[in-house]
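Number of protein chains: 2
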Amino acid sequence: METHKQLTIGLFGFGVVGEGLYKVLQQTPSLKASIKKVCIKNPAKKRHAPAELFTSDKNELLQDPSINVIVEVIDDAVAAFDIVSTALNNGKSVVSASKKMIADNLPALLALQKKTDLPFLYEAAACASIPVIRNLEEYYDNDLLHSIKAIVNGSTNFILTKMFEEKLDFSEALLLAQQLGFAESNPKLDIEGYDALNKWTILLNHAYGIVSAPSEILFTGIQNVQGSDAAVAKEKGYDIKLIGQAKKLKNGKVAAFVLPQFVPVSEPLSFVKNEYNGVVIESGFADKQFFYGKGAGSFPTASAVLSDIAALRYQYKYEYKKLYHHQPHELSNDYYLKVYVSFDDWKFIPREKFEWIEEWHAQAERKYLIGVLHCNQLIGHDWWKQNATSLVLTPDAIIDDLDIIHLKKRSLELAGVI
Amino acid sequence: METHKQLTIGLFGFGVVGEGLYKVLQQTPSLKASIKKVCIKNPAKKRHAPAELFTSDKNELLQDPSINVIVEVIDDAVAAFDIVSTALNNGKSVVSASKKMIADNLPALLALQKKTDLPFLYEAAACASIPVIRNLEEYYDNDLLHSIKAIVNGSTNFILTKMFEEKLDFSEALLLAQQLGFAESNPKLDIEGYDALNKWTILLNHAYGIVSAPSEILFTGIQNVQGSDAAVAKEKGYDIKLIGQAKKLKNGKVAAFVLPQFVPVSEPLSFVKNEYNGVVIESGFADKQFFYGKGAGSFPTASAVLSDIAALRYQYKYEYKKLYHHQPHELSNDYYLKVYVSFDDWKFIPREKFEWIEEWHAQAERKYLIGVLHCNQLIGHDWWKQNATSLVLTPDAIIDDLDIIHLKKRSLELAGVI
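As you go down the protein sequences, you meet chains A and B in turn.
Counting in our numbering, the final residue of the first sequence is number 420, and the numbers go up one at a time with none missing.
Counting in our numbering, the final residue of the second sequence is number 420, and the numbers go up one at a time with none missing.
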């Protein structure tokens with residue numbers, strides 16, 4: 003039986019997550035964790051806690067030697083990085099929920115952890131209540147991880163669910179999401195995929211040891227998905243989901259992106275509706291593992307923060323095993339994608355970029371095609387995001403066997419199709 | 003960066019799991035784990051591995067000081083306990099997949115771990131590839147776990163799925179399961195709930211710190227579930243699943259059992275079909291978490307064993323936090339259950355045991371009722387398992403608020419119903 007560290011917490015942020023955390027720590031003395039001070043931006047605002055708990059001077063937390071844990075649940079990524087790095091440098095363990103801050107500063111944060119040898123935990127930063135980082139780090143800690151596919155943004159999943167199940171237009175669904183508090187008032191970060199991209203940057207590290215800037219990863223959001231795309235998907239027995247995916251290729255490197263995808267309704271990710279998140283992990287022998295839970299919102303976020311705090315009692319640290327203990331993987335652009343593209347006019351579609359086009363439906367007002375192209379035709383280009391063009395991956399979209407590409411092209415040439 | 007222990011393994015058992023493990027360890031040098039010797043029962047049998055690897059003398063493994071890990075994947079619970087306890091006493095770490103052995107010997111195994119301070123890991127013993135023990139131990143390591151509900155037996159779930167989806171009779175579905183290798187040739191252990199009960203005994207320990215003998219837990223299997231039960235369930239929008247459940251009651255103790263249950267089709271466990279397993283964890287703040295994966299078969303079992311072996315490189319041990327670091331919970335019989343019971347004749351039903359009966363359908367050949375009774379009317383009795391009587395819990399079956407019981411009874415008395 004170990005002795006547990008008594009945790010004295012300095013908390014940054016007292017919004018819904020921060021306040022929820024404060025309450026549950028009061029009600030759970032067995033956690034041996036108490037909040038000594040809370041740093042807030044606006045001292046004038048009325049709070050449901052004793053006034054002496056609050057300060058707007060960050061140094062009252064960061065310089066207090068009796069505080070051994072900093073918990074940071076604020077919105078501002080720049081301020082959050084400053085807090086986290088100062089805290090680590092001052093010898094304090096840190097728990098954070100700031101995905102953007104972590105994704106933007108991954109190399110610096112890794113260096114800080116190496117230098118200080120202190121715990122920096124952030125389960126809440128990806129899929130909130132689903133313990134995906136911990137499981138990638140501890141349980142899937144070998145190099146047998148074939149792929150990981152996940153719905154990591156609750157807002158866009160809510161909108162897509164409403165478009166499918168209640169046939170709402172995109173704009174109606176977005177409005178509903180905002181009314182219910184599932185989307186930011188400036189929804190661009192969710193809708194255009196930036197939030198999912200940040201989470202994916204973090205998970206790529208724990209899944210494969212990849213240290214990548216968000217800007218290096220192929221991505222888009224659901225801003226161009228239309229009701230007609232949903233109708234086509236339904237006809238084919240698919241849902242459309244915004245999915246982060248990473249897959250080990252035959253060349254030993256990893257293909258990774260965040261893109262809308264067709265998901266067969268028999269697949270676990272199709273079960274993930276509304277504001278929920280889901281993660282499917284394929285590893286050697288284990289077949290598919292599916293983790294599902296609430297991925298956004300104050301309570302699920304607070305629950306993940308709480309589990310991190312609980313882990314600090316046992317001096318738990320991420321070891322970044324894929325990065326430091328195995329040969330870390332590299333990202334690869336050496337693969338093709340089979341995609342569905344819907345559009346208003348053929349003039350927006352650079353047909354020469356496709357290896358071949360298998361299906362085209364040019365009659366309806368909203369046209370679409372299904373074709374195969376190299377991922378380099380998407381990375382660094384934006385024809386597929388402009389002019390209301392909507393690109394959705396087909397199921398099993400990744401093709402990294404060049405023989406298949408050559409054979410298929412040859413047979414289509416012989417048939418006179420291309 | 004830690005240095006990792008080089009693992010030299012003595013393996014007991016070379017069936018599908020053992021042989022799979024041998025192959026993957028050969029292909030994965032990064033795991034730094036190699037099998038030095040394999041102990042088998044039948045030395046005459048032809049094996050796909052060098053002959054010098056094998057022995058039928060257990061002491062060649064257990065007494066070899068160069069072997070620091072014993073992996074045990076045999077079928078015989080008594081022999082397995084002997085192997086595991088000798089190995090621990092001889093200073094070796096142990097990985098096991100023998101749920102029956104662990105469930106039957108929990109107090110002795112806990113004492114051995116305390117005495118030797120050595121890792122004894124057995125993720126494969128519950129839900130195979132789903133890392134449920136590790137997550138209960140590490141991630142849900144606080145006392146905020148409200149409930150856990152799980153499908154832990156793939157064979158029975160396969161049979162129920164076929165009864166629902168293809169309207170097969172119980173015996174037809176069982177035959178199909180046996181043909182496909184999802185059920186034992188003597189299927190009693192699966193069908194009558196013994197296997198699920200063993201897994202549930204193990205999970206109760208990691209979820210709540212409960213050390214209980216399997217015989218102390220209320221349980222049955224699916225041996226009496228009939229096609230007509232499936233039809234009633236479908237009408238109500240439910241599936242029937244064999245579910246292990248544990249729930250914290252208002253009195254702070256835990257209700258736990260393994261029983262067939264109605265599951266609304268919107269619930270995650272309804273998504274678990276065929277030979278898959280699923281676990282739903284409800285904890286403070288996190289809402290529902292759902293874990294899903296293959297719960298039986300050689301590859302999923304090997305994958306769990308492999309993750310345990312990988313964890314040994316970091317000297318990982320279960321800490322049994324709920325048992326040793328928190329106030330462990332006790333089992334309680336202080337609750338009522340709302341149940342569906344189908345039967346051939348009223349004479350098999352002791353109506354006086356019910357607090358009240360809300361619904362009865364006495365016209366059809368196969369009759370049924372829905373009523374509320376105290377769990378002590380089931381525990382230690384078997385009227386509800388005999389004479390082809392079939393008992394299925396309703397959704398949210400547990401009632402532990404006595405006021406509700408009294409109010410409801412009073413209102414039914416006033417209405418002249420009882």
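In case anyone wonders, no lab produced these hints; they're calculated from the structure.
Hints are supplied without guarantee of correctness; some may be wrong.
In silico SDA-like links for lysine to any residue, alpha-carbon gap of 25 Å or less [said to hold, decoys possible]:
#1 A/Lys169 <-> B/Glu269
#2 A/Lys275 <-> B/Pro266
#3 A/Lys252 <-> B/Gln29
#4 A/Lys25 <-> B/His327
#5 A/Lys252 <-> B/Thr30
#6 A/Lys34 <-> B/Leu325
#7 B/Lys238 <-> A/Glu168
#8 A/Lys255 <-> B/Lys34
#9 B/Lys275 <-> A/Lys117
#10 A/Lys34 <-> B/Gly17
#11 B/Lys290 <-> A/Pro31
#12 B/Lys117 <-> A/Tyr316
#13 B/Lys236 <-> A/Pro266
#14 A/Lys34 <-> B/Pro330
#15 B/Lys275 <-> A/Lys252
#16 B/Lys252 <-> A/Phe301
#17 B/Lys255 <-> A/Phe273
#18 B/Lys7 <-> A/Asp119
#19 A/Lys236 <-> B/His327
#20 A/Lys275 <-> B/Glu269
#21 A/Lys25 <-> B/Gly254
#22 B/Lys25 <-> A/Gly286
#23 B/Lys169 <-> A/Glu269
#24 B/Lys255 <-> A/Gln379
#25 B/Lys252 <-> A/Ser32
#26 A/Lys116 <-> B/Lys7
#27 B/Lys319 <-> A/Leu325
#28 B/Lys275 <-> A/Pro31
#29 A/Lys340 <-> A/Gly299
#30 B/Lys290 <-> A/Lys255
#31 A/Lys290 <-> B/Gly17
#32 B/Lys116 <-> A/Tyr316
#33 A/Lys7 <-> B/Lys238
#34 B/Lys25 <-> A/Lys34
Now for the hints, and whether the structure bears them out:
1. The hinted pair formed by A/Lys169 and B/Glu269 meets the criterion: a straight-line CA distance of about 23 Å does not exceed 25 Å.
2. The straight-line distance between the Cα atoms of A/Lys275 and B/Pro266 is roughly 16 Å, inside the 25 Å bound, and the hint therefore holds.
3. Straight-line distance between C-alpha atoms of A/Lys252 and B/Gln29 comes to about 16 Å, which keeps the hinted pair within the 25 Å bound.
4. With a C-alpha separation of about 22 Å, the suggested pairing of A/Lys25 with B/His327 holds against the 25 Å cut-off.
5. About 17 Å separates the Cα atoms of A/Lys252 and B/Thr30, which keeps this hinted pair within 25 Å; it holds.
6. For the hint linking A/Lys34 to B/Leu325, the alpha-carbon distance of about 17 Å falls within 25 Å, and the restraint holds.
7. For the proposed pair B/Lys238 and A/Glu168, the alpha carbon gap of about 23 Å is at most 25 Å, so the pair holds.
8. Annotation: proposed proximity of A/Lys255 to B/Lys34 holds, straight-line Cα distance about 22 Å (limit 25 Å).
9. For the given pair, B/Lys275 sits about 48 Å from A/Lys117 by alpha-carbon distance, which is inconsistent with the 25 Å threshold.
10. Straight-line distance between C-alpha atoms of A/Lys34 and B/Gly17 comes to about 47 Å, which puts the hinted pair past the 25 Å bound.
11. Pair hint B/Lys290 plus A/Pro31 holds up; C-alpha atoms about 23 Å apart against a cutoff of 25 Å.
12. With a C-alpha separation of about 21 Å, the suggested pair B/Lys117 and A/Tyr316 falls inside the 25 Å cut-off, and the hint holds.
13. Note on B/Lys236 and A/Pro266: the hinted pairing holds, with a Cα-Cα distance of about 24 Å set against a maximum of 25 Å.
14. Distance hint between A/Lys34 and B/Pro330 is fulfilled; the C-alpha atoms sit about 17 Å from each other, no more than 25 Å.
15. For a cut-off of 25 Å, the pair hint linking B/Lys275 to A/Lys252 is broken: about 32 Å separates their Cα positions.
16. This hinted pair checks out: B/Lys252 and A/Phe301 have alpha carbons roughly 22 Å apart, not beyond 25 Å.
17. Straight-line distance between C-alpha atoms of B/Lys255 and A/Phe273 comes to about 33 Å, which puts the hinted pair past the 25 Å bound.
18. With a C-alpha separation of about 21 Å, the suggested pairing of B/Lys7 with A/Asp119 holds against the 25 Å cut-off.
19. The straight-line distance between the Cα atoms of A/Lys236 and B/His327 is roughly 51 Å, outside the 25 Å bound, and the hint therefore fails.
20. With a C-alpha separation of about 12 Å, the suggested pair A/Lys275 and B/Glu269 falls inside the 25 Å cut-off, and the hint holds.
21. Proximity of A/Lys25 to B/Gly254 is assessed by CA-CA distance (about 20 Å); at most 25 Å being required, the pair is judged to hold.
22. A threshold of 25 Å between alpha carbons decides the hint, and for B/Lys25 with A/Gly286 the separation of about 12 Å falls inside it, so the pair holds.
23. A threshold of 25 Å between alpha carbons decides the hint, and for B/Lys169 with A/Glu269 the separation of about 23 Å falls inside it, so the pair holds.
24. Between B/Lys255 and A/Gln379 the CA atoms are separated by roughly 60 Å; this puts the pair beyond 25 Å, and the hint is violated.
25. Of the pairs offered as hints, the one joining B/Lys252 and A/Ser32 holds, with about 19 Å between alpha carbons and a cut-off of 25 Å not exceeded.
26. Only pairs whose Cα atoms come within 25 Å are accepted, and A/Lys116 paired with B/Lys7 is accepted, the gap being roughly 21 Å.
27. Distance hint between B/Lys319 and A/Leu325 is fulfilled; the C-alpha atoms sit about 23 Å from each other, no more than 25 Å.
28. Annotation: proposed proximity of B/Lys275 to A/Pro31 is violated, straight-line Cα distance about 40 Å (limit 25 Å).
29. Restraint check for A/Lys340 and A/Gly299: the C-alpha separation of about 34 Å exceeds 25 Å, so the hint is violated.
30. A hinted pair counts as satisfied when its Cα atoms are at most 25 Å apart, and B/Lys290 with A/Lys255 does not qualify at roughly 35 Å.
31. Of the supplied pair hints, the one linking A/Lys290 and B/Gly17 holds, its CA atoms being roughly 23 Å apart against a limit of 25 Å.
32. In summary, the hint linking B/Lys116 to A/Tyr316 is supported, as the alpha carbons are separated by about 18 Å, within the 25 Å threshold.
33. Note on A/Lys7 and B/Lys238: the hinted pairing is violated, with a Cα-Cα distance of about 51 Å set against a maximum of 25 Å.
34. Straight-line distance between C-alpha atoms of B/Lys25 and A/Lys34 comes to about 46 Å, which puts the hinted pair past the 25 Å bound.
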